[in-house]
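**Student:** From first to last, the protein sequence lines are chains P and L. In terms of the working numbering, the first sequence is residues 310 to 1103. In terms of the working numbering, the second sequence is residues 576 to 866.
No wet-lab data here; the hints were simulated from the structure.
A partial selection of chain P residues facing chain L, derived with a Cβ cut-off under 10 Å: (1) L428; (2) D592; (3) L1012; (4) V1017; (5) M1030; (6) D1031; (7) P1093; (8) L1096.
Listing some non-contacts, in silico: residues in chain P with all C-beta distances to chain L over 10 Å: (9) G559; (10) R870; (11) A1046.
Ranges between beta-carbon positions, derived for each pair: (12) G330/P - N683/L: 17 to 23 Å; (13) R737/L - D1019/P: 31 to 37 Å; (14) A587/L - D1019/P: 46 to 52 Å.
Virtual Cβ for every residue (Gly too), placed ideally from N, Cα, C.
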Amino acid sequence: MTTRLFGEPVQRREDPRLITGRGRYLDDLGAGALAAAFVRSPHAHARILDVDVSDALDVDGLVAIYTWEDLPGALAEPLPLLIPHPALTHGRTAYPLAREIVRHVGEPVVMVVARDRYLAEDACALIRVGYEVLKPVVGLEEAAGGAHLVHDDVPGNIGAHLVQEVPGPGGETAREAVDAAPHRLEFRLDVERSACTPLEGKGVYARWDADDASLRVYSSTQTSTSVRMAIAAKLGLPLPKVEVVAPDVGGGFGVKIVHPWPEEILVPWAARLLNRELKWTEDRREHFVSSSHERGQVQHVRVGFDDDGRLLGLEVEILHDHGAYTPYGIIVPIITSTQLLGPYKVGAYRVEFSSVYTNTVQVTPYRGAGRPQGVFCMERTMDKIAAYLGRDRTEVRAANFVQPDEFPYDQGLTFQDGRPLIYDSGDYPEALRMLKELIGWDSFPEEKARAAAEGRRIGIGVGCYVEGTGVGPYEGGHVQITSDGRVHVSTGLTSQGQGHETVFAQIAATELGVPIERVSVVTGDTRRFGYAVGTFASRAAVMSGNAIALACRKVREKALRIAAEALEADPRDLEITDGMVHVAGAPSASIPLATVAVLSNPLRYAFDEEAKRATQFAGPASDDRPPVAEGEEPGLEGRDYYSPVRSTFAAGMHAAIVETDPDTAEIRILRYAVVHDCGRLINPMIVEGQIHGGVAQGVGGALYEKMVYDEHGQLLNASFMDFLMPYATEIPRIETAHLETPSPLNPLGIKGAGEAGVIPVSAVLAAAIEDAEGIPIDRMPISPSDLHTLRRSR
Amino acid sequence: MKPPPFDYHRPATLGEALDVLAEAGPGGKVLAGGQSLIPLLNMRLAAPARVVDVNRVPGLDGIEAGPSGVRVGALARHAAVERSPGAAAAQPLLRQALRLVAHPVIRNRGTVVGSLVHADPAAEMPAVLALLGGAVRLASLDGEREVPAAEFFTGPMESAARPGELAVSAFFPALPARSGTAFHEVARRHGDYAVAGVAAAVTLDDDLRISAARVACVSVGPVPVVADVTAVCGPRPAASVAWDAVAAAVRDLVEPEGDIHATADYRRHLTGVLAVRALRDAASAAHGEES
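Work out the full structure: start from the sequences and follow the hints.
**Tutor:** Put into structure tokens, the structure is as follows:
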């Protein structure tokens, strides 16, 4: 029997639990806990005059009411600015509860604790907050105009301004290159806001143990280790007295990497203060108005190119909507600016962004994290060049590709990890060839003509991207083989349904030569693993996958050392197959890993049959050596870390065929094809699932989802009735093909896959609709009503 | 998203239900399928003092189909009406429309009569009742009264049902021989409320010329907008109708408003397109019935 599971489409081991209702999500925990609810600002911008709680005091079951004035010490300070950057000269974060000013609808003002959530909401409804309404700043260009300010001390509403510039091959600036180019185009692009909208919102449940002076916190988070450090710091607790566990988490997509959310520190604080279990479960309306959004940008592009469509110079100016606060720094516009380049060599490049405050929900990374906007920009540029020159759109792309023999390829910029933007590997011409074959690119013109003869409008579009994945600084893995032969794997980063229990077990089973059934995986539990960064940036497989592999290799080495002694063999002659250590080619000379585990831990006391073998009178132990040899530790376990020098760059190309109804302007996706390269595949089925989910979210962003703010800063569609997340019925069948160019940067040769699917979808669908309609599509998303308006103005 | 406090009543008989509703007056709210009421409660957009759950009241779940039409009881679920062969035979528009109502799980719980009383101008069933000239039967301690569709829908989310009244059934009349119906709509997502939608009923004369043509349009006014387009369509066979003129006529009759999903201009345009599609399908269904 083979134990080589790496690369196999192993069925997801977490699914039986998750799809039969046995998942334990945050709100499933703490049935007897008190409930918290929040009074949130109904105004986009206002000064708080007073808070009158007198009526709420009559609510039976009310336990406590808190405002900013009640918060002690570090809790009363603004929330952390997680990722500082020199260009973020005016970074601003919110207070856990608003202090004097509210800056977006939904900002928490008052925290209420009651016997249950119903009563807590009853009390919230009776609390009267007096406001002096201030002028709201809504809309990117209005905000950048600076007529009114979101923060009094941030002139022009500009939180950050960053220019990155790479000269052309002859040392020319982008401006010079564009001006001197044989052909030039200039245009503007718009991308609307969207949001992660995981099916499970945020949530926090805290238990204070007064006897032990310790705190256990469960949070629906993408980073339990960092939430733990934040809570310890904000509450002044010793780190060892705080445990944070991420239970089953119903999706994150980026919003849950932001931390600590106000509730993540307020709930533990109040639980300790009241010495009662306390829970807050975010509802959908709260999630829309008080978590995070993303995507909103306006881009101005100037591009110069030659007769073949080769880029000579590219200048991009980006206005980035940051909402009211910048807790996650300027990661999103940095990613847009750098990943905009995609698989191309652009000649001279200059990118400049201004990150602008508005009185709206803050902007932090959402799956894709700035890349969908950057790819929209670059791919629209490619299509416009092709249209201008009358050339095939794939030819223009191919003319600009980084070639397979040019890796590692340095784009000359600084990426989101602060490291140089150097592509490690890839094969873009092959990916494009595969995609064209998959979608039938070359025969599409005939297909289109046939459809036109029937009065139907169809169009095809293509989009390419490169995604820097697996950003550092590090992740770790711990692997322990116990005396029952079971393998316990833990890593600190968290899971939100990706399939980590399966892929990490595949890696461990393969490295150790054990059946996967014996491997269990724990993620996101600080009791098991205290050092971690978190799950974001398509990094879990790359970071924890490699760390676990390295930890397994340590354990394996130790197991072989112990087994060699027991078998009186050379460890170099030993192999592990199906949980048995044996001499290569001589399966009878063998010892089970379980026994090796027993022997690894010299015992004084026997508690079962296996343990007897490790006690002092059991065997022929040497009399002149200590039972635990120098440099050794008891137990068959290992811990290791993976810390990459820089990101590894996955890539992909998508193509779609759409049909637009000539009468109703409805847009239907007829086919959707994906060629994807994330290096070596651990589990192709899970990678495909990730792609499907990503494409679905991309379709949402392209055709359905936007955050509709009115001029007062009210979010008009803060519900799933009016925020149109696509259903399964709106998602086409997705055809996929994989290309594998291993990463030379990590031991397993893998690259991230989590965000990939979403990245080029808006660009691809805009291109396909443009092809069907013959109208430039420069703003996404596009609805049938929008398309109707475009047709009218043609 | 938890409801404000309310008293919950679960009467076992119709008389008991009417007693409670009379006592509750304007503070009473009927719970049947709950597909609209529960979200309204949870979002604290409605705060009735008393919620009267009529699900245990016997005799309200009837679907009586006959030559004159279909009477649907207050507790008949959308799904039950959709699947009723008798209802489909007596009035095919019911099934055509119900397939467009939300999703199967919502139709399993939501009721036809509840949808009528909720009176959402974007909903399908009010348009069906309005198109067919049906009626809603309202019961109270004072007795029963039958309110015709034309008087029942009084505004967006407003019906003629008064405090203390329970809508016990609705009647959807059958159409004359050689009639056909159809319902076309455009929704942003499968099962969403329509951006625009048109129900149509067409009757042919002995020479298979259109002798009556009516449409009811959703999402383009405060109540379902019913229009008689017989004059533009007939009397001529469907194949020789000037459909562009029909579309223009329907567009002139509606007064849509723009919202976050669609402009008024798009809604008006779409209503014309969908009216033609629905009328043509209705006409061919009427033909089909003839052959």
